[in-house]
Amino acid sequence: MIQFNQVSKRYPGGYEALNQVSFQIKRGEMAFLTGHSGAGKTTLLRLIALIERASQGQIVVNGQHLGRLPNSGIPYVRRGIGVIFQEHRLLFDRTIFDNVALPLVIAGYRHQDIRRRVRAALDKVGLLEKERSYPITLSGGQQQRVGIARAVVNKPPLLLADEPTGNLDPDLSREIMQLFLDFNQVGVTVLIASHALGLIKSLQRRVLVLESGKLIADQ
Amino acid sequence: MDAPIRRKKNTRRPARKSAPTPGRRKTPGIFRSRLRPLDAWLLHHLHVLVFSLGQLSRTPFPTLMTAAVIGIALALPSGLYLLLDNARQLSQSWDDTVRISVFLNIDVSDVQAQQLATKLQQRSEIQQVQVISRAKALAEYQQLSGFSKALETLDGNPLPAVLVVQPQLNPELGASQNSQVLLALLQALPEVDIAQFDMRWLKRLLAIMEIIHRSVLVLAALLGLAVLLITGNTIRLSIQNRRQEIEINKLFGATDAFIRRPFLYAGLWYGLFGAVIAWSLVQLAFALLQNPVQKLSVLYQSHYQLSVFSYQDVFLLLATGVVLGLAGAWLAVSRHLQEIQPR
Numbered sequence: 001m002i003q004f005n006q007v008s009k010r011y012p013g014g015y016e017a018l019n020q021v022s023f024q025i026k027r028g029e030m031a032f033l034t035g036h037s038g039a040g041k042t043t044l045l046r047l048i049a050l051i052e053r054a055s056q057g058q059i060v061v062n063g064q065h066l067g068r069l070p071n072s073g074i075p076y077v078r079r080g081i082g083v084i085f086q087e088h089r090l091l092f093d094r095t096i097f098d099n100v101a102l103p104l105v106i107a108g109y110r111h112q113d114i115r116r117r118v119r120a121a122l123d124k125v126g127l128l129e130k131e132r133s134y135p136i137t138l139s140g141g142q143q144q145r146v147g148i149a150r151a152v153v154n155k156p157p158l159l160l161a162d163e164p165t166g167n168l169d170p171d172l173s174r175e176i177m178q179l180f181l182d183f184n185q186v187g188v189t190v191l192i193a194s195h196a197l198g199l200i201k202s203l204q205r206r207v208l209v210l211e212s213g214k215l216i217a218d219q
Numbered sequence: 001m002d003a004p005i006r007r008k009k010n011t012r013r014p015a016r017k018s019a020p021t022p023g024r025r026k027t028p029g030i031f032r033s034r035l036r037p038l039d040a041w042l043l044h045h046l047h048v049l050v051f052s053l054g055q056l057s058r059t060p061f062p063t064l065m066t067a068a069v070i071g072i073a074l075a076l077p078s079g080l081y082l083l084l085d086n087a088r089q090l091s092q093s094w095d096d097t098v099r100i101s102v103f104l105n106i107d108v109s110d111v112q113a114q115q116l117a118t119k120l121q122q123r124s125e126i127q128q129v130q131v132i133s134r135a136k137a138l139a140e141y142q143q144l145s146g147f148s149k150a151l152e153t154l155d156g157n158p159l160p161a162v163l164v165v166q167p168q169l170n171p172e173l174g175a176s177q178n179s180q181v182l183l184a185l186l187q188a189l190p191e192v193d194i195a196q197f198d199m200r201w202l203k204r205l206l207a208i209m210e211i212i213h214r215s216v217l218v219l220a221a222l223l224g225l226a227v228l229l230i231t232g233n234t235i236r237l238s239i240q241n242r243r244q245e246i247e248i249n250k251l252f253g254a255t256d257a258f259i260r261r262p263f264l265y266a267g268l269w270y271g272l273f274g275a276v277i278a279w280s281l282v283q284l285a286f287a288l289l290q291n292p293v294q295k296l297s298v299l300y301q302s303h304y305q306l307s308v309f310s311y312q313d314v315f316l317l318l319a320t321g322v323v324l325g326l327a328g329a330w331l332a333v334s335r336h337l338q339e340i341q342p343r
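From first to last, the protein sequence lines stand for chains A and B.
Residues in the first sequence are numbered consecutively from 1, following our numbering.
Residues in the second sequence are numbered consecutively from 1, following our numbering.
Treat the hints with care, since some could be wrong.
[To be verified] On the chain A side, residues computed to face chain B include the following (Cβ under 7 Å):
no., residue
1, I51
2, R53
3, L66
4, P75
5, R78
6, V83
7, R89
8, L102
9, P103
10, I106
11, G108
[Stated by the list, open to error] Here are the simulated DMTMM-like cross-link-like pairs (lysine to aspartate or glutamate), alpha carbons at most 25 Å apart as the crow flies:
no., chain 1, residue 1, chain 2, residue 2
12, A, K214, A, E175
13, A, K130, B, D39
14, A, K155, B, E247
15, A, K201, A, D218
16, A, K155, B, D39
17, A, K155, B, D313
Please keep in mind that the hints were generated in silico from the structure rather than gathered at the bench.
The structure presented is a predicted model; accordingly, all values stated were derived computationally and were not measured.
Where a beta carbon is used, it is the ideal one built from N, C-alpha and C, also for glycine.
Extracted from the complex, chain A is given alone in its bound form (with noise of 0.2 Å):
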């Protein structure tokens, strides 16, 4: 599902976030990236989501060559791409509903159908209820969960999350990983870039372990 070649990143100014970094992660499994702040984790997952392009190596996602993709072709790969980020990233403006629903309008699916995928999704993470409010109203789990349920909507085959717990409490949190496993039990490939490290290890999956910019251990 995801493959990194020798990959490196550098940013002008010569910082190199990532040094010749190799892995595999194949389809349907689950996989976590750890590492001090700093280590790469976060460029990572910016290399896979096509918001930065490698300096060098190669990135193989869900088949596509990330380096030979043209820029107008970045659109079709993201749709196949749920990303979860740290800070939410919902949109204040809209409700609950119109923020879940974002993805599946970009894709262009019929509103009948939109409103049954996004139901089935805020079902999922428990937020039914909420659809017609604002993110406002919600608590930072609650927040969290509606992000989750917008990557998930148009079920990409791959999930990417940026310390999806980060501002969460350690209950919470468990909730929050427990989605990601059940999305994972039904084939979802997922990767989460993330330091609870205490939680991580309790869930037993592989972890992949970055340390300025080099992968140092891959359990």
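Got chain A sorted already, so can you dock chain B onto it with the hints?
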């Protein structure tokens, strides 16, 4: 947590199963779960058109302000143009009646004048000849000039007979050329003292109007540019205000065209509203002018009515507004949308 997953799968299954069934093959694209690209595209356009209107209506006051500025910028040249159009119509109705006043020699009697008139009347290039006899000329002069006392002291009638000649317009030649030839011809007659156009001033007026016409065009071009910049700037601000939304859209796979669309439609709405405001402003201004113009035309014993926008003009005005709005939005969008990339 397992139950919801299963429910989700169930909801999806019927749609999948039904797709290959031959009976449902013929269902129009709009009833299929994923729209055909063209249907999706059209539907999306319609949706965005309404959506962008909704977004504008959420901030009615700023929207109205922008539209009003555009409206005034459009109203000025279109109002002037309409005024000019009216003046042109008016002068054209005069142009048809370009007449030549032929002052006969003082020793030509009324009877001779009448004979000459009859003779001229037969010429093809003359439509009509009207005779103002010496006596009639005197009576008119006495009545109009206020010199009646002075005239009474004179021995005889000092005024010559006058023929008022209305040229027959030959459509193959220009109006002025027609009349020039005829003028020369009349001037050459032995009985004629002076032949002259009544309406030399009209030509000057027409020349002046041509200058004004050009000025209105220049003004229209400048104000059109202003409309372009106003919409461009407004759209630029709204792009900046919705930066977050644009980033999220891009992250979830929105194409540039998808993101561009609501802004372009916002520009379209601004232009359309501006044009409607311009139309109303001009209509209002002309309604205010109608009465004084009527009074004036009554003084000239005419039934002249100010003509207002025809349907064609209104359509043209609205289309201009829409095109300028769209173009302004396009300028802003093409310049500023690329700068916004997701973080």
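Against the structure shown, which of the earlier numbered hints fail to hold, in ascending order?
-> As far as the earlier hints go, 2, 3, 12, 13, 17 are violated by this structure, in ascending order.
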